Amino acid sequence: MSFFEFLADNTPSDPMMDHWLFGLVKLAITFGLLIIPSLFFMTHFERKLSADLQARVGPNRAGWAGATQSIADLLKLLQKDTRQKQPRWSWPTLQVVALFSILSVLPLGSSVLLLDTGMSGFLPFFSFSVYVLASVFYGLEQKKMEGGLSGLRVGAQFVSGLFPAMTALMAAGIRAGGFRWSDFVASQSSHLFGWAIFSDPFQFLAFVVFVASGLVILGVPPLHSGYSEVELRGGVTSFYSGSELGLFRVSRLFAAFYWAVFSTTLFLGGWSGLGELAPPVAGFAEVVWVLMKSFGLLFIILLVARSTPRVRADQVTDFAWKILCPLGLVALLGTAAWNAGRVTF
Amino acid sequence: MNQQQQRLTIFEAVVLYFRALFSGARSLAASIGATFPYLGGGRAIDFRKEVTEQYPDPVSSRTADDLPPRSRGLLFNDIERCTGCGDCERVCPTGAILLETVNLQESAKTWVSVFDIDFARCTFCGLCVESCNPASLVHTKQFEGAVYQKTDLVASFGRGRISPAHLQKVEARG
Numbered sequence: 001m002s003f004f005e006f007l008a009d010n011t012p013s014d015p016m017m018d019h020w021l022f023g024l025v026k027l028a029i030t031f032g033l034l035i036i037p038s039l040f041f042m043t044h045f046e047r048k049l050s051a052d053l054q055a056r057v058g059p060n061r062a063g064w065a066g067a068t069q070s071i072a073d074l075l076k077l078l079q080k081d082t083r084q085k086q087p088r089w090s091w092p093t094l095q096v097v098a099l100f101s102i103l104s105v106l107p108l109g110s111s112v113l114l115l116d117t118g119m120s121g122f123l124p125f126f127s128f129s130v131y132v133l134a135s136v137f138y139g140l141e142q143k144k145m146e147g148g149l150s151g152l153r154v155g156a157q158f159v160s161g162l163f164p165a166m167t168a169l170m171a172a173g174i175r176a177g178g179f180r181w182s183d184f185v186a187s188q189s190s191h192l193f194g195w196a197i198f199s200d201p202f203q204f205l206a207f208v209v210f211v212a213s214g215l216v217i218l219g220v221p222p223l224h225s226g227y228s229e230v231e232l233r234g235g236v237t238s239f240y241s242g243s244e245l246g247l248f249r250v251s252r253l254f255a256a257f258y259w260a261v262f263s264t265t266l267f268l269g270g271w272s273g274l275g276e277l278a279p280p281v282a283g284f285a286e287v288v289w290v291l292m293k294s295f296g297l298l299f300i301i302l303l304v305a306r307s308t309p310r311v312r313a314d315q316v317t318d319f320a321w322k323i324l325c326p327l328g329l330v331a332l333l334g335t336a337a338w339n340a341g342r343v344t345f
Numbered sequence: 001m002n003q004q005q006q007r008l009t010i011f012e013a014v015v016l017y018f019r020a021l022f023s024g025a026r027s028l029a030a031s032i033g034a035t036f037p038y039l040g041g042g043r044a045i046d047f048r049k050e051v052t053e054q055y056p057d058p059v060s061s062r063t064a065d066d067l068p069p070r071s072r073g074l075l076f077n078d079i080e081r082c083t084g085c086g087d088c089e090r091v092c093p094t095g096a097i098l099l100e101t102v103n104l105q106e107s108a109k110t111w112v113s114v115f116d117i118d119f120a121r122c123t124f125c126g127l128c129v130e131s132c133n134p135a136s137l138v139h140t141k142q143f144e145g146a147v148y149q150k151t152d153l154v155a156s157f158g159r160g161r162i163s164p165a166h167l168q169k170v171e172a173r174g
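So the sequences go chain by chain: A and B. Read in our numbering, the first sequence has 110 at position 110, and its numbers run on one by one without any break. Read in our numbering, the second sequence has 135 at position 135, and its numbers run on one by one without any break.
Only true hints are included.
Calculated lysine-lysine pairs in the BS3-like style (CA-CA distance at most 27 Å, straight line): (1) Lys80(A) <-> Lys150(B); (2) Lys80(A) <-> Lys143(A); (3) Lys150(B) <-> Lys76(A).
Just so you know, these hints were derived from the structure itself, not from any lab. Everything numeric in this text was worked out from a predicted model, so none of it was measured.
Input sequences plus hints: build the corresponding full structure.
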């Protein structure tokens, strides 16, 4: 029996198989047609805008205005030799698996969303903790000063950023009355002042805390001193080379992009606000709308990252514990008070 | 510093906390205000345009001839003018120049058999060119020195090792 006969026999009769196949197709479409092109887009614009802000030219050789430079870089990194003794299961692999697991709950649009559970809002945190722990253990495993120090810094940053991020998420959940992505989106109406961040001041505070603590957790510039590529001779990445290094860099981009998508869904209205459209067009428009808002957020982060020097490692954790934590608690309590009469669980 | 060491009341501590918070936010806004005009090339105002130059090649319609007159490209030694004095070898801080000479018996000249410059070691400081008395060693405007093999980075300008019989012939010719 060929695979297609198998499909033909099983698809119509078996609803469970139908469900699985549908999920797989959605996953392939999401990954191949949305995530990967988005990453190349992100890389290119990150480079060009950084170059602009630093009065440089930026990539200008490969393709029109260096548009295919990131593809060329990736191909080159994949060709390079890796270190001699390569274990089959390495920490970068675990990082990639952790980030892939987020794909199942990534709220890009109602048509490509695979899972919508009551815990959806919390699921990324588990994946991100695996992702960060893989960095920490990789750094400690090297048994060298650079890797160990950098690994400890990454771990400290993660621990300090987790609490404010959770409080901000709670604040958003209280306003939405649940932690499903569809709850978050449904609670925010179409017009601009229906978005959570403009609906009350505490939600705005929660948004700021959520984005800033995401930078702390994932080590996104300007709060990336944990990964400290420069002064610790590569930090946790000092033993990486070739395709492993490529994988690591891509995974950090992935993580930043995911965080922007979550912030968009929690506070910037998600995929809501497009009115009545025909189903296939609506599905596409939703994804484009979410991606546009996410890239806008990433642009603001980039603007901050290129305008400020890198923050020292102890100052990052200081910032998270002493400023983000109290503000996150204020946002949580304020949102609870603001929405006291409105929400019924 | 003194202010932080003395004990603060809770009210003062809270005021200091918020003052620090606002000064941080204000400096962040100020720094973004400084960088924002550069966005999109910022070519409208002259002193804010990009200060790095395009890579000098036909793609950006600039050639090596457009480089500044004192730019220090790959080194070239005119062996006809070279006296083999060895000043460049002595002054080179990285030991990139290797010189081997044979003194001619009859005249005061030397036979420069080996004159190798290892561009893997060269820092293009230009000390050798400054110290070169006959001005045979010069910087060219060539700047693309990438090669596939590390050994290709060694540029040889010497006349080659010479046998005693050949040396006599050279001396006879004068």
